[in-house]
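K.L.:
Spelled out from the first residue to the last, the chains are:
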Amino acid sequence: MVELLRFREDEPVADPALTVDSFSDQSNASAVRLEPGDDARDLLPFLDQLRLVEINFPSFGDGRGYSAARILREAGFDGELRAVGDVLVDQLSYMRRCGFDSFAPEKPFNPAGAQAALSRWPQVYQATGDGRRPIWALRHDAQSNG
Amino acid sequence: MYRYDHYDQAMVDSRVEEFRDQTRRRLEGMLSEDQFKPLRLQNGLYLQLHAYMLRVAIPYGTLSGAQMHALADIAGKYDRGYGHFTTRQNIQYNWIKLDEAPDLLADLARVEMHAIQTSGNCIRNISSDQYAGAIADEIIDPRPYAELLRQWSSFHPEFLALPRKFKIAVIASQTDRAAMKLHDIGIRMVRNDAGEIGAAFYVGGGMGRTPMIAPCIREFVPVDQLITYSEACLRVYNRYGRRDNKYKARIKILVHELGREKYTRQVEEEFAHLLTQGIEPPLAELKRIATFFADPPFETGLADDVDRSDPGFALWLDRNTLPHKQPGYAIAVISLKPVGGIPGDASVEQMHLMADLATRYSFDECRVTHAQNIVLPHVRKADLFAIWQQLEAAGLGAANLDTVEDIIACPGLDYCSLANARSIPVAQKISRRFSDTGKTAELGELKLKISGCINACGHHHAGHIGILGVDRKGTENYQLLLGGSEGDDTSLGKITGPGFDEDGIVDAVERATDVYLARRQEGERFLDTYRRVGIDAFKEAIYG
Ligand code: SF4
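Protein sequence lines, in the order shown, are assigned to chains Z and B. Residue numbers for the first sequence follow the working numbering, so the first one is 1 and each next one is one higher. Residue numbers for the second sequence follow the working numbering, so the first one is 1 and each next one is one higher.
Extracted from the complex, chain Z is given alone in its bound form:
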């Protein structure tokens, strides 16, 4: 079973992730944890010092963390973005698309299930900044290349 699924080459950060409140008092911390009600944009001034942002999903049905992840990536954050909490295998590919590159689910994944979920979608319809070229781009590439 997989307890930490990671799509990065660098060493995982060992420091515990602080809450947003205690993070703002500790100027040199490198890891922080966002709760659904926290504003991801409060972290934007600190992106250079951050190496890990954990985004907590207390319940899989609360999707605020997806927006938080995209906002951080759109602002140029290139550290580790980890989904923690009630993270289910059926959400993996969507979370990847929003910029998450590691997963520490409360209930560990079955590796085969995780692999199947991640390779499910041949293409994507939207540009989300994850580097995948959306279908509309592929269509018009194909046309201009004859």
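Hints are computed from structural coordinates only; laboratory data are not their basis. Honestly, I wouldn't trust all of these hints.
For each label pair, taking beta carbons as the anchor points, the in silico distance ranges come out as [said to hold, decoys possible]: (1) Z/138 to B/532: 44 to 52 Å; (2) Z/138 to B/312: 48 to 56 Å; (3) B/488 to Z/1: 54 to 62 Å; (4) Z/138 to B/534: 57 to 65 Å; (5) B/489 to Z/21: 45 to 53 Å; (6) Z/108 to B/137: 33 to 41 Å; (7) B/298 to Z/39: 53 to 61 Å.
Not everything, but these chain B residues come out facing chain Z in the computed CB check (under 10 Å) [said to hold, decoys possible]: (8) 5; (9) 35; (10) 148; (11) 151; (12) 238; (13) 273; (14) 276; (15) 278; (16) 279; (17) 288.
Even glycine gets a Cβ: it sits at the ideal position worked out from N, Cα and C.
Got chain Z sorted already, so can you dock chain B with the ligand onto it with the hints?
P.N.:
Showing chain B with the ligand alone in chain Z's frame:
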């Protein structure tokens, strides 16, 4: 009509395989019902009172003949021989077995259809004007924009766990036939002074227990920023919409609580930021989509006269057809409201017939309306009589479009696990009553809408006459509302007073219509008279 390319097909096929795998894991006990529920909901599968119900998406209500045939086959193979067309231009099947659902979805995928995001807290199927591309008053066909939005909203990774469901409608004429302002986002395509096409955004409308009419938050979004602006609206909602109370979770509550100005400001800030992110498809994509919606090859020089010598046909002609933008053609509406029938239901045979008529007479196209009827959008006037004869023979010839018999009703307590009261028997009794008394034609346009509970799937707030089923000390009870409208002059109905039992509500409706007949002035519809004389005259007659 839009046709899938290999990309669209691969997405839908992958979804079928994903759901097959999820269903297997559920049946093997690897997924709990709690975990499975949001997955099946995003594939249109609800657990209802007696069985699973599956809702199939009909994007902007448009179907080909082959697709309508496939929907008929599904009704025969997986259901008990019926399909139920809904107020969101979709179709539902009420008797589905979980283990057969993946096969059903595979059958749909074969005709470029799916049930993706027809339920759950995500962006739902996009609805539109049922007369798009056929009616003279539109400035442009709204469906290419709806299709662009369909692709953008399908599997949008950021918006699959919204606070609540999210409904979008796109129209492109001054006359609103899609209840656009009662959607989470209503989009009206408009032309600005420079002659450019753009989109006016109305955000935060809805029905349910707190009905609201959407305010306009931006008069003109350029077409090459349509997706970006929509994404900004959704992101603000996903981040700030209430999640503490499911009855306050729709975007209408957010817009209401923040106020239009503040919500708009947040959207504009997010929009400015997203414009830098390159998320908008190129105009070439919109152009590619639009080619699928080009006019069919209409014949020219056709005559406009129709032989009216058959009185039954003449009645249907007057009631159920509309002028087409092309001379010699008409828009024909097939009423799924036979007197005493179940609103929106069609049998396997009826669906096959409608499919054949679409193929033979309407350039292989038909539409589902939010009033639960079927449209043949492009019919030669010379063919109308033959069409009517075939409809009559199949029990589809009811000449009652937009009359008191053309009732919108939700499934209610006969099927729905949330219902307080039955809707269908009330609709049946009302249509019988007016058919028996022969007042239907005299009453003219009268929109009557019934919901079996406060969730308002039957749009009772927007009916000229609305009926709401409530639970009163364990018995079914019906409240009467008057004065709602979903058109250009959108308004919400007002409750007249204490509720009624099933027979009482039928009497009350009849008494309300008698007030109209007694007090109307030249040219007034029921709604106009109501607005002029006020609710008291009606109350007096109803409760007397
Ligand atoms: S209005 Fe209520 S009873 Fe009717 S379908 Fe919706 S939830 Fe069910």
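K.L.:
Indicate, hint by hint, whether the structure satisfies it.
P.N.:
Status of the hints after comparison with the structure:
1. For the pair residue 138 of chain Z and residue 532 of chain B, the supplied restraint of 44 to 52 Å is violated, since their beta-carbon distance comes to about 58 Å.
2. Between residue 138 of chain Z and residue 312 of chain B the beta carbons are some 54 Å apart, a value that agrees with the proposed interval 48 to 56 Å.
3. Between residue 488 of chain B and residue 1 of chain Z the Cβ separation comes to about 59 Å, which falls inside the hinted range of 54 to 62 Å.
4. Between residue 138 of chain Z and residue 534 of chain B the CB atoms are about 60 Å apart, so this pair conforms to the stated range of 57 to 65 Å.
5. Separation of residue 489 of chain B from residue 21 of chain Z is about 51 Å and conforms to the stated range, judged on CB atoms against 45 to 53 Å.
6. The hint said 33 to 41 Å for the Cβ distance between residue 108 of chain Z and residue 137 of chain B, and at roughly 59 Å that hint is violated.
7. Residue 298 of chain B and residue 39 of chain Z have their C-beta atoms about 55 Å apart, which keeps the hinted 53 to 61 Å range intact.
8. A least Cβ separation of about 7 Å between residue 5 of chain B and chain Z falls short of the 10 Å threshold, and the interface hint therefore holds.
9. Restraint check, residue 35 of chain B versus chain Z: the minimum CB separation of about 6 Å is within 10 Å; hint holds.
10. Taking 10 Å as the C-beta cut-off, the interface hint given for residue 148 of chain B holds, the closest approach to chain Z being about 9 Å.
11. Annotation: interface hint on residue 151 of chain B holds; nearest CB of chain Z at approximately 5 Å, less than 10 Å.
12. The beta carbon of residue 238 of chain B comes within 5 Å of a beta carbon in chain Z, closer than 10 Å, and the hint placing it at the interface holds.
13. For residue 273 of chain B, the interface hint holds, since its Cβ comes within 10 Å of a Cβ in chain Z; the closest pair sits about 7 Å apart.
14. Checking residue 276 of chain B against chain Z: minimum C-beta separation of about 8 Å stays under 10 Å; hint holds.
15. At a threshold of 10 Å, the smallest CB-CB gap from residue 278 of chain B to chain Z is about 6 Å, leaving the interface hint in force.
16. The interface hint given for residue 279 of chain B is met, as the beta carbon of that residue sits about 5 Å from the closest beta carbon of chain Z, less than 10 Å.
17. Of the supplied interface hints, the one on residue 288 of chain B holds, with its beta-carbon coming within about 7 Å of a beta-carbon of chain Z, less than 10 Å.
Checked against the numbered hints given earlier, the structure breaks hints 1 and 6 and satisfies all the rest.
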